[in-house]
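Listed in order, the protein sequences are those of chains Y and F.
Going by my numbering, the residue at position 17 of the first sequence is 17; the numbering climbs one at a time, nothing skipped.
Going by my numbering, the residue at position 667 of the second sequence is 667; the numbering climbs one at a time, nothing skipped.
Calculated from the structure, these hints are not laboratory results.
Worth double-checking, as some hints may not be accurate.
To be verified - Listed next, the in silico DSS-like pairs over lysine-lysine satisfying Cα-Cα at most 30 Å (straight line):
{"hint": "1", "chain 1": "Y", "residue 1": "Lys170", "chain 2": "F", "residue 2": "Lys315"}
{"hint": "2", "chain 1": "Y", "residue 1": "Lys66", "chain 2": "F", "residue 2": "Lys315"}
{"hint": "3", "chain 1": "Y", "residue 1": "Lys266", "chain 2": "F", "residue 2": "Lys350"}
{"hint": "4", "chain 1": "Y", "residue 1": "Lys49", "chain 2": "F", "residue 2": "Lys175"}
{"hint": "5", "chain 1": "F", "residue 1": "Lys175", "chain 2": "Y", "residue 2": "Lys259"}
{"hint": "6", "chain 1": "F", "residue 1": "Lys120", "chain 2": "F", "residue 2": "Lys92"}
{"hint": "7", "chain 1": "F", "residue 1": "Lys175", "chain 2": "Y", "residue 2": "Lys192"}
{"hint": "8", "chain 1": "F", "residue 1": "Lys615", "chain 2": "Y", "residue 2": "Lys66"}
{"hint": "9", "chain 1": "Y", "residue 1": "Lys238", "chain 2": "F", "residue 2": "Lys350"}
{"hint": "10", "chain 1": "Y", "residue 1": "Lys170", "chain 2": "F", "residue 2": "Lys120"}
{"hint": "11", "chain 1": "F", "residue 1": "Lys92", "chain 2": "Y", "residue 2": "Lys66"}
{"hint": "12", "chain 1": "F", "residue 1": "Lys92", "chain 2": "Y", "residue 2": "Lys259"}
Fair warning: this is a prediction, and the values are worked out from it, not measured in the lab.
Take a look at the letters that make up each chain.
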Amino acid sequence: MNLQQLIVSLEEYWLDHGCLIIQPYDVETGAGTFNPGTFFGSLGPDPLKVGYVEPSRRPPDGRYGKNPIRVRLHHQYQVILKPPPEEIQDLYLGSLEHLGIDLAEHDVRFVDDNWESPSLGARGTGWEVWIDGLEITQFTYFQRVGGIDLQPVCVELAYGLERIATFIQKVDSVYDLSWNGDLTYRRVFQEKERQFSTYNFDVADVERNIELFEFAEEEAKSCLEEGLFYPAYDMTLKAAHYFNILLARNAISVTEREKYIARIRKLAGGIASKYVESLEGYSSEQRPII
Amino acid sequence: MSKDLLFELGTEEIPPAHLPGVGRNFVDDIESGMEKVRLDYTDVELFYTPRRVAVRVNDLAERQPDAVKTHRGPSAEIGLDEEGGFQLPAEKFAEGHGASVEDLLIEDTDGGRYLFVEEKKEGNPAEEVVPQLLTEIVFNLHQPETMRWDDSGLEFIRPIRWVLCIYGNKPLKFKVGNVQSSRFTRGHRFHGHSSIEINSPENYEDELRNNHVIPDPQERLGYMENGVEERTSQLGAKMAVGESFLQSLSNSLEYPSIVDGSLPDEYLDLPPELLYKTLTGEARLIPLVDLETGDPLSLFIGFRDGIEDETGNIKRGYESVINARLRDSKFFFEHDRENSLESFLPELKKVTFQEDLGSIWDKVERMKELAAKIGGEIDTEKTEIIDRTVSLCKGDLVTEVVDEFPSLEGVIGSYYAELDGEPDQVVQGIREHFNPRSSGDETPETTPGAVASISDKLDTLTGSFMIGEEPTGTRDPYGLRRKADGVIRTIIDNEMVLDLCALVAFSGDNFSLETDVPFVERLSDYFEKRTASVLERVYGFDYDVVDAVMANYDGDAYETYERADSLQNFKEKPELKRLVDSFTRVMNILGNDRAEYEVDSELMELEEEITLWEKTSEKAEKLDKLAVEQRYDRVIEHLLELKEPIDNYFDNVMVMTDDDKKRNNRLNLLSSLRRLFMNVGDLSRIITE
């Protein structure tokens, strides 16, 4: 099964289970959690099932395209289920079987790993899912997002697509993965990894990235003052991205780091409260869902 | 009449670190709960796996015993008229308890005569009492973390997905949150049935075993130990990790099956600790070493959750994953090695130690001052070695290996120092500087290691006390108690004569920090408390021995230890007990706060008085000298010789005479005597009974 088929297969499975299938977000994100489908989707009272692919940029994880398993941009398949059905674990495991994995022949474990995103003011309880010692999914019961205790809670499934593909295709390096049968991951991504790693680690202008962070933060604040939480959120994502570049550039000390994170968290918290507050003003047909 | 009760909570995977504690709390609550509802039983058995926590309450009574509850009403004065007839308050009281005035009793109490009524309570059947009790226990169970997963309001460590409850062979039906109880459990997720009927509590383990779940944690661990034993004896190998690793692993599996694999030889050149950490870390594999030589082997053992790995899929999977992880570890190691350990040091300026206390670089600068001071005190010739050790000991904090495996701090730095060609003593000192890491861990053995360790911990303690971060009984976020105990143990084990109070003051001067906290006094007091605790807990001295020597504590932990050691040796000897009795008479008459004055031998008239004074004076110089040499056994032997003169003195001399001059002089003599004893401690605190 090549990577393309893997994505289609997961999409198919979750579509069959009633998910709203949306597209990757077109603003840089560090994980599927930052896609509005999860941030706004997890807040609010209405039931929701949503699934999507999310290219996840993590500048500090880059290795110039040289490390066989660590990359600056990986792909997640993200599913949100609110409220989580009782048989949620079986439902998740069913998706792995749908990919053709015979679970009885492998060692599948739920290894406890509570998740926290200080910049989103979010935390949850859950596990990493391991197959034969390889982490393939983060399985989390979200308890709080944007500083707000969720009611109802939801489950986030974040599949690491490259990880699952290396497992299925039995290759040691992501660059040897088959993307569509003809083309390898190497052809599609390796040069990008090299160039972006060089930019993030060696070239990015620290002053300009700090300015970009502050610009995005100011825009987010003024949007929020106008009650425009969606544009405010895009600006917050941008600020978070510039912050990640500054981290990769090693331009931020540990104490400064905490302060930057607190600034992003403050924006996220403001957006979450504005969003939840606004939901009361809509009829059930018009109420935004993500 | 009694029957067994089986109660199982089926959960999503509970974290293995918390599982045993949750199980124990569960048993405690069941036991106290059954007592509260007055249902007798013989014992409670506990079972757990990551997906279940269960108890079997054996021989649980079928019914609560009948009970009589007595209620007190108004006093006789209010409830009765003069003829003893019942008045309105008495009628109201009886009515309130569903009785009539004829049922009321009049009894004398400490507070006068009162009216009483007895309420007979018929015991309820266990079947009615138990469901509510169990529900309450689940809702209130003490757990290290809890979460929500549905709208029931129930919070638990992980979601509860099924509840099994049978009493005898009858299911008890009730709801725990949104889950309805039944007589059904579930087997292994991939190798058992998803619905298993349990007909009787005693069948629980067998039914589960048939479905590839071993619910008894001891049985599971034993099974794993046997597997390891069998495999390692075939291979001439042993585990490179302790038993506790296996134990924690056993709590993450329902049905452990052994899987062994191998790793490429090229990784055997890595520092062994790095190799082991890579295997035991997230991969949870057991590294093996040669039984004879202790050298790492290119073999490992793992446990899967499920039946034996017949396809070899899992073995291949483990090998591929560990290969990737080792490749990473090797990359980090080699990348670190592109530079010397020394060249990392300037990076320490960027690492914050504590917001108010500067960077790690600043800390190392302070540690160097402190280490030089300690080196001077203990009169060592290794000052250069010590300085080099301290300068380099934090260098590995900014390496990639420590970034990936924080617990290798100190360890990996010593390898780097060795590869850089640093002197052996520096290499060893760096390795030891972080010890003792825990209360059971060993203290540094070399002088550079011990001095670096003390400087490191003392600097942290002083800084923390200066900014008001003192540990309390319930709150110690920086592990300061462990650090203080580490300092004391290192000093004692290395036989270092050091004045901790003076060192604290010196350490404080190294900080460029204004503070209102009287930290020298506070931290010195803290060290005093910890020294007493360490002497008793770590070195096993009796508490009265510790009490006696701490009466004369002056900041020198090693000297205090030596005094305790001698006193403990003599404690069981009858002559010491007799001496204690004599000295207690001295202390009783002196009280605690009498200062010492010159004794005037001219004022002495009685023979016993003169003898005691002569003996005391004769011993004084000798004992002071012996104490300086820390030969406390000899000091005690000398003190024993004073027993007779002391007893004779008290038998014949009236200390509290009316003559002021004589009285004071006699008290002054006893003070001098006390000072002699204080070379060891306050012997009056020794319990002789």
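The hints, checked one at a time:
| no. | hint | in the structure |
| --- | --- | --- |
| 1 | Y:Lys170 with F:Lys315 | 13 Å, holds |
| 2 | Y:Lys66 with F:Lys315 | 27 Å, holds |
| 3 | Y:Lys266 with F:Lys350 | 26 Å, holds |
| 4 | Y:Lys49 with F:Lys175 | 28 Å, holds |
| 5 | F:Lys175 with Y:Lys259 | 47 Å, violated |
| 6 | F:Lys120 with F:Lys92 | 19 Å, holds |
| 7 | F:Lys175 with Y:Lys192 | 56 Å, violated |
| 8 | F:Lys615 with Y:Lys66 | 85 Å, violated |
| 9 | Y:Lys238 with F:Lys350 | 26 Å, holds |
| 10 | Y:Lys170 with F:Lys120 | 74 Å, violated |
| 11 | F:Lys92 with Y:Lys66 | 90 Å, violated |
| 12 | F:Lys92 with Y:Lys259 | 68 Å, violated |
Hint compliance for this structure: hints 5, 7, 8, 10, 11 and 12 are broken, all remaining hints hold.
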